[in-house]
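K.L.:
Residue numbers (this note's numbering), protein chains in the order written: chain F, 1 to 261; chain W, 1 to 261.
Check before you lean on any hint, since a few could be wrong.
Because identical chains share one entry, a pair is satisfied inside a single copy or across any pair of copies.
With a straight-line Cα cutoff of 16 Å, these simulated EDC-like cross-link-like pairs (lysine to aspartate or glutamate) come out [stated by the list, open to error]:
#1 232 to 207
#2 87 to 123
#3 228 to 179
#4 87 to 120
#5 228 to 260
It should be emphasised that the hints constitute simulated quantities derived from the structure, not laboratory data.
2 protein chains.
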Amino acid sequence: MRNIRLIVAYDGTDLAGYQKQPADKGITVQGALEKALSIICAEPIQIYGASRTDAGVHARFQVCAFQTSGSIPVENIPRATIAHLPKDIVVTEAIEIPLDWKPRHNIFGKEYIYSIYNREIADPMGQRYHWHVKKSLDVEAMRQAGKALEGTHDFSTLKGANTTPVDPVKTIYAIGIKENAGRIDISVVGDGFLYHMVRNIAGLLVDIGLGRKSVAQIPELLVAKDRKRIGKTAPAQGLVLEEIFFTTDRLHAVIERIKEE
Amino acid sequence: MRNIRLIVAYDGTDLAGYQKQPADKGITVQGALEKALSIICAEPIQIYGASRTDAGVHARFQVCAFQTSGSIPVENIPRATIAHLPKDIVVTEAIEIPLDWKPRHNIFGKEYIYSIYNREIADPMGQRYHWHVKKSLDVEAMRQAGKALEGTHDFSTLKGANTTPVDPVKTIYAIGIKENAGRIDISVVGDGFLYHMVRNIAGLLVDIGLGRKSVAQIPELLVAKDRKRIGKTAPAQGLVLEEIFFTTDRLHAVIERIKEE
């Protein structure tokens with residue numbers, strides 16, 4: 001028996017999210033991968049993912065693991081799966097790892113990037129990958145708001161509506177914002193995230209960028225632990241699971257990069 | 001009567017190209033724009049474009065002009081057309097220009113960018129906008145090949161198969177290549193282009209990057225004036241009409257930028 005770790009990228013636009021669902025709900029990343037891997041390993045395969053992404057959310061670097069007694073050389077897996085996966089899902093890397101390695105227990109954090117296009121007139125070539133916000137945003141205020149969210153907090157105010165997180169206390173290591181030609185990319189690195197948390201951070205930052213809320217309100221909003229105090233969850237298509245960190249070195253390198261932006 | 005110049009951007013993936021065609025051939029840029037403008041100007045509108053792009057080709061900056069006796073303020077046109085255009089076509093700018101201004105007679109050149117993704121495993125988030133070339137490309141050889149194509153030449157070797165250009169002599173001012181994380185962007189600036197010429201340049205550069213042809217062969221290939229001497233036309237989805245130059249200042253600025261890349 002071998003334990004194999006995959007790095008997986010996908011365009012979530014036409015997918016029903018990461019987690020397997022009944023076939024009539026659409027194609028899921030987990031469902032498609034298990035089907036493809038079961039064919040190439042010639043046995044039923046069950047995979048475990050590091051992060052459940054929602055319908056419409058993208059990933060450049062999702063991590064999954066599965067065990068197999070099949071004989072396929074691990075380095076052949078990325079190529080071998082291509083023929084059995086929809087073209088919006090690819091396995092970019094496969095390596096063998098110790099049998100007790102589990103994706104949810106061996107990561108030091110994750111980076112998400114939420115992208116906004118901030119011009120009155122849409123960019124037709126980017127609409128699958130950003131949220132189009134027409135009114136002009138105060139990016140400097142958004143940057144300050146990002147800084148105010150960094151640190152260890154009870155993030156219940158930023159949880160998914162009608163969800164009850166097991167542990168709402170998370171640490172955000174860094175929030176950085178890059179701006180270029182109307183495109184605003186919000187990078188968020190943390191040790192873990194509540195359901196909809198990154199999309200709620202993006203929504204809150206946009207409300208602050210529009211002047212609907214102020215940076216000064218953030219401590220009070222967090223203390224309130226009340227999802228109803230913030231606005232709508234930002235739409236799925238702007239969100240990319242950018243990286244999952246297996247080493248603290250890589251985590252710190254990305255935090256440094258964001259702090260320098 | 002007013003003459004109005006539009007700048008138009010589109011994602012060509014689901015479009016049947018720029019030029020109007022019978023409705024059963026799919027949505028065209030010209031057809032969709034004429035329909036939208038006829039509604040907002042309340043009279044039948046005919047538009048003239050600077051560049052006919054093929055089915056699947058994108059544009060960040062296409063230029064069109066039309067005349068109208070309608071009363072819509074010119075600055076309202078980008079917003080007013082949104083409701084009447086498919087979401088993959090937008091008017092980003094509209095200005096009034098002298099009545100005798102025609103898009104095909106008042107431009108100093110165009111820039112196209114052809115994008116390639118050069119990794120064995122696909123990038124699922126970019127497939128609408130690049131050509132996926134799996135084998136590793138020698139980018140330095142491609143860069144030299146680009147330089148060898150610059151200048152004024154009879155480009156019949158790089159014309160569309162089975163086409164007869166009126167004037168096959170064109171000037172390429174600059175070809176530049178940027179490379180980042182597997183993505184190779186070929187910028188081509190010239191005074192005009194034959195049908196399929198940029199896609200044939202991209203195809204030839206890829207053949208050179210793969211070692212199928214050499215930079216040293218370029219002079220002889222051009223002199224041959226024979227389309228059969230080169231390989232397949234690169235696929236449409238990698239091509240973007242990036243800019244059309246109305247001033248020599250802007251043309252020279254872009255040439256300088258490319259030469260410094």
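K.L.:
Which of the listed hints are not met by the structure?
P.N.:
3 and 5
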